[in-house]
Amino acid sequence: MMSSDARKNGGSAPFLICGLGDVGRQCARLLRQFDVKVIGVDSAASLSDDPDLVALLERRIVGDCCRAETLERAGIADCRAALMVTGDERANIMAAFAARSLNPNVRLIIRSAQGALGSLLQQNIGNLFAFEPTQFLANAFALASPQGLFEVAGEKMRLTRIQIRRDDRWKGRFLYELSTSSRRILSHARQAEEAAPIFASWIPDDVLREGDTLVYVEDISAVSQAPWRGRSKTAQHPVSTRFADLFASLRRLPFSAGVPRAALASAVIVALLIFAGTVFYRIENPGIGWFDAFNVSVVLAFGGFDNVFGALRVPFPISSRLYLFSVLATISSAVFLGILIATLTERTLSARLQIARRRPRVPDAGHTVIVGMSATGRRVAAILQDWMHPVVGLSEQPIGEEVLPDVPILVGSFRDTMQQANVATAESVIVVTDDEIANLEASLIVRSLNPNCVLIFRAFDHRLAQDVASLIPASVGIGDYAIAAEAITAAAFGENIHCAFHLEGRSVFVTEYAIAAGDTLIDRLLAEVAYGYEIVPILHRRGEQVRLIPSDDIRLEANDRLVALATMGGLKRVENGDPIAAMCYLQVDRSHVVDVVFDAANTIARISGCDFRLARDIMNRLPSKLAVPLYRQQGLRLVRELKTLGVLSRLQAS
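Reading the sequence shown from the start, the letters are residues 1 to 654 in our numbering.
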């Protein structure tokens, strides 16, 4: 965010992009929307023949961005920010050091997959933002699901999109009733509307009807229900499920585990020795029964020779031949029983390890299916798992047992494994393979199996993603680098971008603003920030005090920190200090209560931001009009609160 002084001194300073690949070009297009100058540096001379790129760039420099002389030719000394977005991580880091040596104040944006290295660079170089496109991509896919969590200042917040049903508890209620101290509405659309206008466009006095679509964000620590409405049986009964899997594995063990021939031979030999001993002892001693003969033979076979012949005198008459057989049988049994016991021990331990590594069962319903377990798919699965949302992964290639061990992953053809993954009853399906055509095919199969689930698919080109999404009902297409480029562009202006996601076809950024003297946001009510710039404040920090879903009545001061949801349009308005003008005025007609002047004046001053003496003067001269312009949502709230005090007022358009 640019302060008024910075805008005066650096508003015309150019932005430098090193690396004009897919990410670099999209950043150039977005920066041009902010009416700033863009200079490009790339090692490929053929880029100068691209007419689209020529129109975007103020100047084009062909050369190695790691070299100081190339950056000097590009004018790095006068640049406000430098975006190092080549595909070579080493080149990006070297270019960042070179740029910092030539311009100590330039804002550096580095494309790097090394998160720890990025943090170290930020600490030591300063005024630096390190990113990896896939980090924004994975969050975007995860947050595109019906309910998604994101973290702000260590607190988890939930983003939810619902459609009002016939028996919904919110049906028939006013929107302003649902906007509370723990929940803020982002958008509302009637059933006939294709997409919900987001942020400041919803009308507080609208009544929710069946079929309406509502999107809101809330502080989950302030609500009592569990983070996810849909829970699988696996999530509800993990202990019983583990035991069921254990018994099933044990039942399958004799048929699935191949027994070595040595163990089988050993078992047969020991059994024959016991049988032979039983017969020989019975024949030589007719006075004993078969059971006694069998008992003596078993004791000898299992190492009990001393129990039978350990006394000084033999307890029963025995021939030398039978005694010699007993000695040999005991020795042979010790050898072959050792082989058998060792084999059984090995198989038991192996079975135990296999049972411990067994993945959970596929949920019956209410889960998310991720088609494609490449790096992006695994990252999305890890995010959803962290949110404790049931998830199933599908992969055509084998996945190591150490990868997401608590996530059920099915391996095989997507067409076959979709049935096993219960796609027909899934809440959402995310298609993120590395093959664009495979993503399209899988998305069509998913839609045929489940017409009602939320479908999110990956495309490498943002325009293709939008075109395909328009053809597949209730689907969202996300381009590989579209969101990343937008987040990078926002970061280039000095904002701290926590994460990014898609909402109603537009990119939304969780953006942190540090309020400073001369800032475009300083001394403004949060109501003016929300409705004037069309961003949604979700956290306000002043010193040690942190407020989630802060009140519209807070006035921003220097050193405050504000985290808000913002689109590119909102970021641009804040950057340029160009809010939408307030167009409504409050007309106070009369009061039914005599001693209400002080309370009513205080309410007017608090919500409108006007001076208390002006508000009191209005209440003393009824009917009267407040000369301070208000936004519609702000004014309607003021009318409602005055009504509770017995003061009749109305809102007038200018």
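If you are wondering where the hints come from, they were derived from the structure by calculation, not from laboratory data. For each residue, glycine too, the CB sits at the ideal point set by N, CA and C. Careful, some of the hints might be misleading.
[As the list claims (entries may be wrong)] Calculated cross-link-like contacts (lysine-lysine; reagent style DSSO-like; alpha-carbon spacing at most 27 angstroms):
1) K625 - K37
2) K643 - K171
3) K643 - K625
[To be verified] Pair by pair, the computed Cβ-Cβ distance ranges are:
4) S181 - G154: 49 to 59 angstroms
5) V596 - S12: 47 to 57 angstroms
6) D467 - I399: 50 to 60 angstroms
7) I399 - A424: 50 to 60 angstroms
8) Q163 - E72: 29 to 39 angstroms
9) L464 - D553: 22 to 32 angstroms
10) N496 - E557: 48 to 58 angstroms
11) A627 - D467: 41 to 51 angstroms
12) Q397 - A55: 19 to 29 angstroms
13) A627 - V54: 29 to 39 angstroms
Going through the hints against the structure:
| no. | hint | in the structure |
| --- | --- | --- |
| 1 | K625 - K37 | 45 angstroms, violated |
| 2 | K643 - K171 | 24 angstroms, holds |
| 3 | K643 - K625 | 16 angstroms, holds |
| 4 | S181 - G154: 49 to 59 angstroms | 19 angstroms, violated |
| 5 | V596 - S12: 47 to 57 angstroms | 53 angstroms, holds |
| 6 | D467 - I399: 50 to 60 angstroms | 32 angstroms, violated |
| 7 | I399 - A424: 50 to 60 angstroms | 23 angstroms, violated |
| 8 | Q163 - E72: 29 to 39 angstroms | 57 angstroms, violated |
| 9 | L464 - D553: 22 to 32 angstroms | 45 angstroms, violated |
| 10 | N496 - E557: 48 to 58 angstroms | 19 angstroms, violated |
| 11 | A627 - D467: 41 to 51 angstroms | 50 angstroms, holds |
| 12 | Q397 - A55: 19 to 29 angstroms | 43 angstroms, violated |
| 13 | A627 - V54: 29 to 39 angstroms | 51 angstroms, violated |
Checked against the numbered hints listed earlier, the structure breaks hints 1, 4, 6, 7, 8, 9, 10, 12, 13; every other hint is satisfied.
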